[in-house]
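Top to bottom, those sequences are chains Y and W.
Residue numbering for the first sequence follows our numbering, starting at 1170 and increasing by one per position.
Residue numbering for the second sequence follows our numbering, starting at 299 and increasing by one per position.
Treat the hints with care, as some may be off.
Unchecked claim - If you want the ones that stay clear, here's a sample from chain Y, every Cβ over 12 Å from chain W, calculated:
(1) 1173
(2) 1189
(3) 1254
What the hints assert, rightly or not - Straight-line Cα separation of at most 30 Å, DSS-like style, residue types lysine-lysine; simulated pairs:
(4) Y:1211 to Y:1171
(5) Y:1214 to Y:1269
(6) W:355 to W:312
(7) Y:1248 to W:355
(8) W:369 to Y:1171
(9) W:312 to Y:1248
(10) W:309 to Y:1211
(11) W:355 to Y:1269
(12) W:309 to Y:1248
(13) W:369 to Y:1248
(14) Y:1211 to W:369
(15) Y:1214 to W:369
(16) Y:1269 to Y:1211
Claimed, not checked - Where chain Y lies over chain W, by a calculated footprint (3+ residues, C-beta under 8 Å):
(17) 310 to 322
(18) 371 to 379
(19) 404 to 412
Derived from the structure by calculation, the hints contain no laboratory data.
Just so it is clear, CB atoms sit at the ideal spot from N, CA and C, and this is done for glycine as well.
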Amino acid sequence: RKEVEQDPGPFNVPEGATVAFNCTYSNSASQSFFWYRQDCRKEPKLLMSVYSSGNEDGRFTAQLNRASQYISLLIRDSKLSDSATYLCVVTVLNTGTASKLTFGTGTRLQVTL
Amino acid sequence: DTGVSQDPRHKITKRGQNVTFRCDPISEHNRLYWYRQTLGQGPEFLTYFQNEAQLEKSRLLSDRFSAERPKGSFSTLEIQRTEQGDSAMYLCASRDSGGRSTQYFGPGTRLTVL
């Protein structure tokens, strides 16, 4: 079983739609959670951190359920420019260790006219 | 541009050849990571440096792979006797020493082994 699991998609949605991505993680010691965005043939870029209380950044809302080990990302009013792959990322923060990022396979979003 | 830089951006090589990639992190970042990404997958951790010390290596890093960060600034990743399965995007990331600080990625080196 992969440490971070995501539906690879693709999700094809019209402009203006609301779309939600889900992610589950298996390591209960995971402490920090992120969504990264990756455009085709580019490097991943941090979209937003995910906090237990849930957090919002403009049209993007992230939620975390530690009990279910589940993370979500909601995109409202989708734009053509939102077309990308969205990577769910977790990390374990321990002093002296790498705090390496563990990525899901990513969910591809295609927003159409 | 003060972001993470990587060189070369693309490398095509024949099976059995050695290749070396370079990463220049953001200047004040003392932590440096290498990841590998194959088509349709998320990046996978390879190795981690804190300053010049290599503190963690993934099982993915076979004995054909070696990484260095000699002065705690730039890093190199060498692959010896390349195999077709080594074809991937090799990503470098850096961050500062803050507990929850963000990792910033470079543009990657895309390796194709023929």
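Can you list which hints this structure breaks, lowest number first? 1, 3, 7, 8, 9, 12, 13, 17, 18
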